[in-house]
Amino acid sequence: MSGVRVLVGTRKGAFILSSDGKREKWDVSGPHFAGWEIYHMKGSSANPNRIYASQTSGWFGQIIQRSDDGGKTWTQPGTPPGEATTAPGGTPKGESNKFVYDTSAESGKPLTTHQWYDGTQHPWEFKRVWHLEPSPTEPDTVYAGVEDAAIFRSKDGGKSWHELSGLRGHGTGPKWQPGAGGMCLHTIILDPANPNRIYIAISAAGAFRTDDGGKTWKPINKGLYSQYIPNPTEEVGHCVHRVAMNKSRPNVLFMQKHWDVMRSDDAGDNWKEVSGNLPTDFGFVIDVHAHEPETIYVVPIKSDGEHYVHEGKLRVYRSRTGGNEWEALTKGLPQKDCYVNVLRDAMAVDSLDKCGIYFGTTGGQVYVSPDAGDNWAPIVRDLPAVLSVEVQTLS
Amino acid sequence: MSWGPPRKIRIILPPHLRGLAHISGELLLEVAGAPTVRSVLDALEATYPMLQGTIRDHVTQQRRPFLRFFACEEDLSHESPDTPLPDAVISGKEPLLILGAIAGG
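Quick note, the sequences are listed as chains A and B, same order. Per the numbering used here, residue 1 is the first one in the first sequence, and the count goes up by one each step. Per the numbering used here, residue 1001 is the first one in the second sequence, and the count goes up by one each step.
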């Protein structure tokens, strides 16, 4: 029987919410990694029992965890306890929490600094993994988007990580700058039709694309307009919050920028605004219906100072026309005295016949709509602040 | 200077790192050579490789900013990592404490 497994990362641990295809009754497991920030968890579509998790802490740094049994048990995919941590030649074995920027003259050159908050230049410093994107075909291959912004890849199930340094080597790095959440690479989209094409997005640099498997990258920000950079139409510097794609149309992208909801019909080469009648075009999440590629979802957020939903009402907005015309979805969501945020990785869609939509809030609620947004219900109400939500559709 | 046979050093880790290493309570770890913060961390990471990068940086070997090293009611955090540990730690009378700064929530 079909079902879903919702992977929830929070400020204080991970939770796994499971249900059958009706998505009415839920089993809650967790907290896993209690007390740690879980920035993101995502399952492999090539092996749904394999789940990768980013466990992180301002005190203790970055840990990568992996489950091979659907989230029941977890291990760090590094050297087991008791084994030597160095290879016979004396070189350190690559441990699963080791993310080291490529500084080699050949491939890591030349980028060493980015713009700091005050406009001065600042060296790249690894802080955490924001997003893990497993390959759709190879269970042992997974990409990591990190802060300070860079993309890493593991081909051995998360044991060792290597930077795809062509992104930082693009040459625009001195113009990249951190947003309020840090200078993070938070979005990785692997083109399902073209294994050499990857899209990424960085706050605050913008969106980038590779067409050669990660060797070289180009910024794809034409059409974006950002008042908070000296030249609002600059090639880089835009605070992109999220990019989403429907797998059936990999050339069509939707973007929630700091302000403005955007779409591109040519793989990011050109963007146009589709904010339309939204009450505010600021927000973090954006996602696309699994079966209707012109149906998209956002959660407008009051900004710049507040970062909670408008008018105390938690409303998801849906467009069935690929943008511009939006309707508020409110049934089952609090419509007064609500002041939560929905962070950029905290919305997901399943691929059951009736597409389910999920999102988590900074107030610790995770909501589900089993009918594409018409009706909503809380799965859980009282988790720690939710950082990320992903869903696995199980057959 | 010869330090003779390996010493057993008592170590107390913060709860998050005890959980990560699947241990409970105080650690008793054999340390070869001069007992210093560096040699203790070398031994700790060799026995518990999952702790690599959690106390000191993988590459620079610098102490992570929010972690501190205490022993015998003294703060050793800003000492050279090659300074010999206090005699009471070397003799096993006192533990080396590795702990997180009181910050955040």
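If you're looking for bench data, these hints aren't it; they were derived computationally from the structure. Certain hints may be false.
Computed Cβ-Cβ distance ranges for the label pairs, DEER-style [to be verified]:
#: 1; chain 1: A; residue 1: ASP118; chain 2: B; residue 2: GLY1019; range: 35 to 45 angstroms
#: 2; chain 1: A; residue 1: ASN47; chain 2: B; residue 2: GLU1074; range: 28 to 38 angstroms
#: 3; chain 1: B; residue 1: PRO1015; chain 2: A; residue 2: VAL28; range: 22 to 32 angstroms
#: 4; chain 1: A; residue 1: GLY305; chain 2: B; residue 2: GLY1019; range: 33 to 43 angstroms
#: 5; chain 1: B; residue 1: PRO1084; chain 2: A; residue 2: GLY305; range: 36 to 46 angstroms
These figures come from a predicted structure and were not determined experimentally. The beta-carbon is built from N, C-alpha and C at its ideal position, and this holds for glycine as well.
Hint check against the structure, violated hint numbers in rising order
Numbers 2 and 5 - these are the hints that the structure violates, sorted from lowest upward.
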